[in-house]
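**Q** Mind docking chain F on chain C? Use the hints.
The chain contents come next:
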Amino acid sequence: MSHNKITVGGQEPNREGAVSLALDNLSNVSASSPSAGQTIAYNGANWALGDKSVSLAVFGTGASQAYPTGGSEIASGVDLHFYGVQYNGVGATVGSAWFDTFTLSAGNYTLTAVSGVTMSASGGIVTYRWYDQTNTTLVGTTGNVGFETDTVGSPAVAYLSLTSSAVLSVHCITASNVNTLASQGNRAAEYGFITIRRLS
Amino acid sequence: MSVNNIKIGTSSADRTGAINPALSDLSDISSTAPSTGQVLSYDGSDFEPVSLVDSNSLRGNSGNNTSESNVTLAIPNAYTAGYKSYFWEYAAVQIGGVARFIIGSNSDASALNNVYGSTLWTCGLTLVTAGVYLITAHLAIGGLSASGSYIDVQWTDASYNSLGPRCRIGKRDERRNTVIGVVEATANQNIGLYMHSLSGAKYNQTDYTNIFINVERIS
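So the sequence lines, in the order shown, correspond to chains C and F.
For the first sequence, the tail end lands on 200 under the numbering used here, and the numbers increase by one without skipping.
For the second sequence, the tail end lands on 1219 under the numbering used here, and the numbers increase by one without skipping.
For reference, chain C alone in the conformation it holds in the complex (with noise of 0.2 Å):
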């Protein structure tokens, strides 16, 4: 049998008999267009490609930027604002500077968000819960942030499973004695966040 016969895993030897073998190239394995950052892992029947277990983002750099003036003011049903993109390990969409809304792909994750909008009035207080846009669905618990700089902090917190992409936003679900935008002042980009964790 002469060796110009012999392929393993569809590859050929060379003249030297050298046979040029990739992960990709083994029957048990499907790694045939990866991306950098992906892990192969067994998925029970096959070795194949696959995101890290867990991911992370954090939007919210702490940068002094006033908060945008365009649009409506904050009421029920208006989308809080954000600033910047400290690590998107998840792949989202999102606008670098302030966004309203963002993208994610399918898969499983659990959403982290704290506003620092403003108030115009001790006492005054905006509450807050994550909003699917393409589902159009509230999610998860409701936040709060009130007048002293010491309430930035307490969360909305969702879990989402989405089978395909959708827009989300953290959307105002009330509002009293809560700041104009043009007098809303830097406190939302210095101190609000949103933390994202995908977790398969």
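Since the hints were derived computationally from the structure, they do not count as laboratory data.
Positions of the beta carbon are idealized from the N, C-alpha and C atoms, including for glycine.
Any given hint could turn out to be false.
[Claimed, not checked] Each pair of labels, with its calculated beta carbon distance range: (1) C:N177 to F:S1147: 18 to 26 Å; (2) C:G9 to F:S1031: 16 to 24 Å; (3) C:G71 to F:P1034: 47 to 55 Å; (4) F:A1099 to C:S176: 45 to 53 Å; (5) F:A1081 to C:E148: 27 to 35 Å; (6) F:P1034 to C:L199: 24 to 32 Å; (7) C:N177 to F:A1146: 24 to 32 Å; (8) F:G1104 to C:L162: 31 to 39 Å; (9) F:A1074 to C:S64: 20 to 28 Å.
[As the list claims (entries may be wrong)] Facing chain C, according to a computed beta carbon distance under 10 Å, are these residues of chain F, among others: (10) S1012; (11) L1023; (12) L1026; (13) V1128; (14) A1130; (15) V1132; (16) L1134; (17) Y1150; (18) Q1154; (19) R1166; (20) N1177; (21) G1181; (22) N1214; (23) E1216.
[Unchecked claim] The calculated EDC-like cross-link candidates involving lysine to aspartate or glutamate, where the alpha carbons are at most 20 Å apart (straight line), are: (24) F:K1007 to F:D1025; (25) F:K1007 to F:D1028; (26) F:K1007 to C:E16; (27) F:K1007 to C:D24; (28) F:K1007 to C:D132.
**A** Quick look at chain F alone, frame taken from chain C:
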């Protein structure tokens, strides 16, 4: 040429013609030696062994009580120099040679301290292993601070580049907030809590059960 001349990577056929290639014989596997528990991840050109993601390490928790401090914090910290003069000294690791703040043992990170003779105040972390980290800190200013006192801090690197949002931190028995940061760290990178502003905040040198810092390596 016979079948016995065929090689896959560095593995040749034995005298029966059998070839037993290892993973490292494949053309797109990195030559980096793996460690126990690592997985294969694509780096853009090869699959290379990397550590499992989501590794957690607790960095500090309760310590021994001592007397409260009546010293008010200042920006910058007059007791030290360089970049650490803007990092908040949030706990005393050691006072007069006596251990106070317990630092968890982990190869990923260690405490970044200011040394004053036999007294050590911690003001940040040294991330020993390169990688992406999520830092979550639950802290408090000193118990002798007046009600409503606060310090506004933000995780930054030694050049004061932002690692996340700011956070207002008060006394342990008042409203509690969590300061988060994420850093794509190089090996032995120092980070700390940059002091933006404060009002009446005093050093915290007791009741460290109210301090918790989690260092989580994501990748």
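**Q** Taking the hints in turn, state whether each one holds.
**A** Taking the hints in turn, this is what the structure says about them:
1. C:N177 to F:S1147: 18 to 26 Å: holds, 23 Å
2. C:G9 to F:S1031: 16 to 24 Å: Given range 16 to 24 Å: holds, Cβ gap about 20 Å.
3. C:G71 to F:P1034: 47 to 55 Å: Check passed, 52 Å falls within 47 to 55 Å.
4. F:A1099 to C:S176: 45 to 53 Å: holds, 49 Å
5. F:A1081 to C:E148: 27 to 35 Å: holds, 34 Å
6. F:P1034 to C:L199: 24 to 32 Å: Once the Cβ atoms are compared, 25 Å apart, the range 24 to 32 Å for C:L199 and F:P1034 holds.
7. C:N177 to F:A1146: 24 to 32 Å: Once the Cβ atoms are compared, 26 Å apart, the range 24 to 32 Å for F:A1146 and C:N177 holds.
8. F:G1104 to C:L162: 31 to 39 Å: Check passed, 36 Å falls within 31 to 39 Å.
9. F:A1074 to C:S64: 20 to 28 Å: holds, 22 Å
10. S1012: holds, 9 Å
11. L1023: Check passed: Cβ of F:L1023 comes within 8 Å of chain C, closer than 10 Å.
12. L1026: holds, 5 Å
13. V1128: With a closest approach of 20 Å, the F:V1128 hint is violated.
14. A1130: violated, 15 Å
15. V1132: holds, 7 Å
16. L1134: holds, 6 Å
17. Y1150: With a closest approach of 6 Å, the F:Y1150 hint holds.
18. Q1154: holds, 5 Å
19. R1166: For F:R1166, the interface hint holds, since the closest Cβ of chain C sits about 5 Å away, which is under 10 Å.
20. N1177: For F:N1177, the interface hint holds, since the closest Cβ of chain C sits about 4 Å away, which is under 10 Å.
21. G1181: holds, 8 Å
22. N1214: Given a least distance of 13 Å, the restraint on F:N1214 is violated.
23. E1216: It holds, given that the least Cβ distance between F:E1216 and chain C is near 9 Å, below 10 Å.
24. F:K1007 to F:D1025: holds, 9 Å
25. F:K1007 to F:D1028: Holds - the C-alpha atoms of F:D1028 and F:K1007 are around 16 Å apart, at most 20 Å.
26. F:K1007 to C:E16: Distance ~9 Å between F:K1007 and C:E16 Cα, so the pair holds.
27. F:K1007 to C:D24: OK: F:K1007 and C:D24 at ~18 Å, within 20 Å.
28. F:K1007 to C:D132: At roughly 55 Å apart (the allowed maximum being 20 Å), C:D132 and F:K1007 break the hint.
In the structure shown, a violation is registered for the earlier hints numbered 13, 14, 22, 28, in ascending order.
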